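J.: Using the sequences and the accompanying hints, generate a full structural model.
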Amino acid sequence: MNETVVSMTVNGDQRTGNVEPRKILADFLREDCGLTGTHLGCEHGVCGACTIMLDGRATRSCLVFAVQADGSDVTTVEGLAAGDELNPVQEAFRAEHGLQCGFCTPGFVVSATAFLDRNPDPTDDELREGLSGNLCRCTGYQGILRAVRAAAEATKARTA
Amino acid sequence: MSTTPVTSAAARYTGQSVHRKEDRRLLTGHGQYVDDVAVAGTLHAAFLRSEVARAAITELDVTAARELPGVVAVFTSQDFDGRFGEAWHTMLGEELQVPPPLAITDVRHVGDPIALVVAESRYIAEDAIELIEVDLDMAEPVVDFATAGADTDHIVHGAWGFPSNNMVEVPFTPLSPDLDAAFKDADNVVECTIRQNRYVCVPMEGRGILASWSAGREELEIVCSTQSVHETRNFFGRYLGIPEGQVRVTARDVGGGFGQKMFMFREEAAIVLASRLLGRPVKWIEDRRENLVAAAHSRNELGTVRMAVDGDNVIQAITVDHIADLGAYPACPAIMNHQLLPGPYKIPRLGFSMAMVWTNTMGKGAYRGPWMFETTAREMAIDHAARKLGVDPVELRRKNLLSLADMPFTSPGGNTFIESTPLETLEQALEILDLDAFRREQAAARSEGRLLGLGVSVYIEPSSMQAPGLASEGATVRVESSGKVVAFFGTTSHGQSVETTMAQIVADQLGVDYDDVTIVQADTQSTPWGPGTGGSRTAVVAGGAAREAALAVREKVLAVAANVLEAAEEDLDIEHGSVVVKGTPTKTVTMRQVAAAAYRDADALPPELSAGLEATARFRPQSFPTWSNATHVCVVEIDRDTCIPKILRYIVSEDCGRMINPQIVEGQIYGGVVQGIGGVVLEDFVYDSDGNPLTTTFVDYLLPTTTEVPEIEVGHLETDSTTNPGGFKGMGEGGAIGSHAAVANAIGDALAPLGIDVLSTPLGPNDIHRLMVEAGAA
Chain A
1 MNETVVSMTV NGDQRTGNVE PRKILADFLR EDCGLTGTHL GCEHGVCGAC TIMLDGRATR
61 SCLVFAVQAD GSDVTTVEGL AAGDELNPVQ EAFRAEHGLQ CGFCTPGFVV SATAFLDRNP
121 DPTDDELREG LSGNLCRCTG YQGILRAVRA AAEATKARTA
Chain B
1001 MSTTPVTSAA ARYTGQSVHR KEDRRLLTGH GQYVDDVAVA GTLHAAFLRS EVARAAITEL
1061 DVTAARELPG VVAVFTSQDF DGRFGEAWHT MLGEELQVPP PLAITDVRHV GDPIALVVAE
1121 SRYIAEDAIE LIEVDLDMAE PVVDFATAGA DTDHIVHGAW GFPSNNMVEV PFTPLSPDLD
1181 AAFKDADNVV ECTIRQNRYV CVPMEGRGIL ASWSAGREEL EIVCSTQSVH ETRNFFGRYL
1241 GIPEGQVRVT ARDVGGGFGQ KMFMFREEAA IVLASRLLGR PVKWIEDRRE NLVAAAHSRN
1301 ELGTVRMAVD GDNVIQAITV DHIADLGAYP ACPAIMNHQL LPGPYKIPRL GFSMAMVWTN
1361 TMGKGAYRGP WMFETTAREM AIDHAARKLG VDPVELRRKN LLSLADMPFT SPGGNTFIES
1421 TPLETLEQAL EILDLDAFRR EQAAARSEGR LLGLGVSVYI EPSSMQAPGL ASEGATVRVE
1481 SSGKVVAFFG TTSHGQSVET TMAQIVADQL GVDYDDVTIV QADTQSTPWG PGTGGSRTAV
1541 VAGGAAREAA LAVREKVLAV AANVLEAAEE DLDIEHGSVV VKGTPTKTVT MRQVAAAAYR
1601 DADALPPELS AGLEATARFR PQSFPTWSNA THVCVVEIDR DTCIPKILRY IVSEDCGRMI
1661 NPQIVEGQIY GGVVQGIGGV VLEDFVYDSD GNPLTTTFVD YLLPTTTEVP EIEVGHLETD
1721 STTNPGGFKG MGEGGAIGSH AAVANAIGDA LAPLGIDVLS TPLGPNDIHR LMVEAGAA
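Top line first, the protein sequences correspond to chains A and B.
Residues 1 to 160 (the numbering used here) make up the first sequence, in order.
Residues 1001 to 1778 (the numbering used here) make up the second sequence, in order.
Heads up, a few of these hints could be off.
[Stated by the list, open to error] One-sided excerpt, in silico: chain A residues whose CB lies under 10 angstroms from chain B:
hint : residue
1    : Val-5
2    : Leu-35
3    : Thr-36
4    : Gly-37
5    : His-44
6    : Leu-54
7    : Thr-76
8    : Gln-100
9    : Phe-103
10   : Val-109
11   : Gly-130
12   : Ser-132
13   : Asn-134
14   : Gly-140
15   : Gln-142
16   : Leu-145
[Said to hold, decoys possible] Far from chain A by the CB rule (all over 12 angstroms, computed), these chain B residues:
hint : residue
17   : Glu-1051
18   : Thr-1105
19   : His-1716
20   : Leu-1717
Hints were generated in silico from the structure; no laboratory data involved.
Values in this document were obtained by computation on a predicted structure and should not be read as measured data.
For each residue, glycine too, the CB sits at the ideal point set by N, CA and C.
T.: As structure tokens, this is what we get:
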């Protein structure tokens, strides 16, 4: 099949590759960029494990072709921490036992980070609604909800 | 509520919610699941699967698929004929052979693998699947397991010469001599048929394997999404007829299992054969539809429960006539444990019959508490009995439950319970709830026509069982030359935080800092043999091995340090990784210096001291199983218009003995509870009458999300176990065991005023609506 050149910024680095038009963005990130933190849990846009930020918006990378992301700015889970310092959401997931097997975790961390960027002080209903596009099978969501609440509080305290 | 077990070092970490060692890599996207492993030259696989439930294969033409550019091979059953040998697992025994990887003459369920394409990419492999031509001669399938046993016209395994659909049939067997008399003399006999729906494990990472056969090295390397690297190695050693030493299996990170990844199945076997035939690495990553349709299914059992109850509401006997659906090819016959039917109650008499039947559906496997239908059947039947007898289900339980004062107690099933607190957990859960306040609220709600219900479920869990291979675990603990500690385990963690909990135990026993302990597991080449992570056994069995191995190394450290410090061993202690002379804090030697004496300068050790600081221990609990128990309490309100059941409160009071890490214990409870909630109100794997699966995506098979889960409240009782020196009890499965009946009973209690007798699951809005229509209440 014909291949097309795609080029995008991924976690601040310029990445270029030759891809078939049908190649999904998640596969481009995993196979061509070697960024395997983005996981595929359903490949039909429900589980949210493949969530990345595409031009700042939380996006399911299994529903986007790599060619559609040409020229875009992509942030994956690998791009969230500043060096050794976890971002507030990651730190809160660690403190509140927001993960067990860890497979859904990258999608949750990216979704929650993007959600708090938009809504830094959510109500409980908004928080539950905001995270309802990601599936987790291990935690019963208890630690995840606590973590994102704690991350919101921590961010609020830091900026106050 | 009990004495502290003997420990040789102060428990600085055991009992603390220390941060997990696993988290940093997983939070930053640096976990290593099977699909994250890249080996040069890897080929990618996809299966052609049956789209019908039962048919003869009349033609299979793979020519066009083989010719597609990028396709390396297309395998059918003929290509694998004679290429594999024994196909059994240590835990399950030789009787249960994994079926041939690809269908030979006929297909027996939707999803049955027919052909395997291996190509340069998964995209091309799936293109090639489309080019395979298969002609099927369809036959009427067996779908309803309740009637399958009596169906002699349609036999699932007729091609193998089986005369019926019963894989196993046990006629009614009284386990108490005076069972008949108890029913004859009973003031009340209550009977009902409880049916639990089919719902499935759904790990967020599906199954997957990367198999690399090197003909030159005669070695098979496997990276696999599995709950047991050692069982996987044993299996493929037998399967290929090569020594296990030539098979290496690793699984750095595994994205959930819940029982589904306990055993190898047809797909993994096919991939290993493909790699061996091609001499190249072959990877198969299960997609979600495959995982839903063709990875082991679970639950789907029914039982007619009878109880003899005397005039004081004491349950004098319980029996069940039980049928379990095994599907076509069970991965393991994980069904109800009949001996456990009386559960944590004083019920003195028991009897049962059972049938395990084949159907043209996906085969059964283990799912978190695979025997748990005993809890669902009993707890739902007790609520039914309470409704029939006009007594409060809480009072009926109080009257009949065992308490710590009754221990030890031998149930009519032959189980002897020790150190268990069923009644105590019920009371703790009800205290958290405030039962009296709830009953007042419920009465007020009912007077307004609102449907508010309370469900209770009490169970006792046989954690850390001794089933073949499960009785022991090994651990090797080594102080390295740097003074840091590495400990090796035969476990294969898939969310259980084993790297954390085992490090807590090793650090405590050895007197070193938690951060100085690294855990290595899930690598057959470096770790002691272990049967796998499952069966709520790691804390008890691997935890026991951790302790014994660490204590043995501690002895070595003290002996070598005594020589270095010229002090008596009994005067020494280990604190924060340094050996100190008690009462003389200035006289100290670091672990690094001890290690130097034990390794680099071993020639200078006195002859009675062994060199090195390493020990291996294999631990076997004092008795089996290690009993663990809990009570679940659920409050539900059903919206009369939408029929949506909303869980308002969920409370667990549990007794898993001494907790290694309370946060991790609670995390296990939460996850299990939500799986049980899902199985009642959202999840239901449905086949139509032709055996077509109707729930093949996450749009149809609904998992709970953040908007459906309640805040789960947990109370702990810590009654130390005597089966192991740490006082631990296993608890990984309990959340999933207790929750199904608790939620069903809460919905049943909510609907009871409408004259509805809830006896089966699922109980989603559609099901509740149907019950209300049938009762004339909608």
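J.: For every hint, state whether the structure bears it out.
T.: Evaluation of the provided hints:
The beta carbon of Val-5/A is not positioned within 10 angstroms of any beta carbon in chain B (closest approach about 18 angstroms), and the interface hint is therefore violated. At a threshold of 10 angstroms, the smallest CB-CB gap from Leu-35/A to chain B is about 7 angstroms, leaving the interface hint in force. Checking Thr-36/A against chain B: minimum C-beta separation of about 4 angstroms stays under 10 angstroms; hint holds. At its closest, the beta carbon of Gly-37/A sits 2 angstroms from a beta carbon of chain B; the interface hint therefore holds under the 10 angstroms criterion.
With its C-beta approaching chain B no nearer than about 6 angstroms, His-44/A sits inside the 10 angstroms limit, and its interface hint holds. Of the supplied interface hints, the one on Leu-54/A is violated, with its beta-carbon coming no nearer than about 16 angstroms to a beta-carbon of chain B, more than 10 angstroms. With a least beta-carbon distance of about 6 angstroms to chain B, the hint placing Thr-76/A at the interface is held under the 10 angstroms criterion. A cut of 10 angstroms between beta carbons decides the hint on Gln-100/A: the least distance to chain B is about 4 angstroms, and the hint holds.
Here the hint on Phe-103/A is kept, as its CB sits about 3 angstroms from the closest CB of chain B, short of 10 angstroms. Because the beta carbon of Val-109/A sits about 6 angstroms from the nearest beta carbon in chain B, less than 10 angstroms, this interface hint is met. Nearest Cβ of chain B to the Cβ of Gly-130/A: about 8 angstroms, under the 10 angstroms cut. The hint holds. Proximity of Ser-132/A to chain B holds as hinted, the smallest CB-CB distance being about 4 angstroms (cut-off 10 angstroms).
About 8 angstroms separates the beta-carbon of Asn-134/A from the nearest beta-carbon of chain B, less than 10 angstroms, and the hint is met. Restraint check, Gly-140/A versus chain B: the minimum CB separation of about 3 angstroms is within 10 angstroms; hint holds. Given the 10 angstroms rule on beta carbons, the hint for Gln-142/A holds: about 4 angstroms separates it from the nearest Cβ of chain B. With its C-beta approaching chain B no nearer than about 6 angstroms, Leu-145/A sits inside the 10 angstroms limit, and its interface hint holds.
Listed as a non-interface residue, Glu-1051/B keeps its Cβ farther than 12 angstroms from every Cβ of chain A; the least gap is roughly 18 angstroms. No Cβ of chain A approaches the Cβ of Thr-1105/B within 12 angstroms, the least distance being about 32 angstroms, so the stated non-interface status holds. The claim that His-1716/B lies off the interface holds: its Cβ sits roughly 15 angstroms from the closest Cβ of chain A, which is beyond the 12 angstroms cut-off. Listed as a non-interface residue, Leu-1717/B keeps its Cβ farther than 12 angstroms from every Cβ of chain A; the least gap is roughly 20 angstroms.
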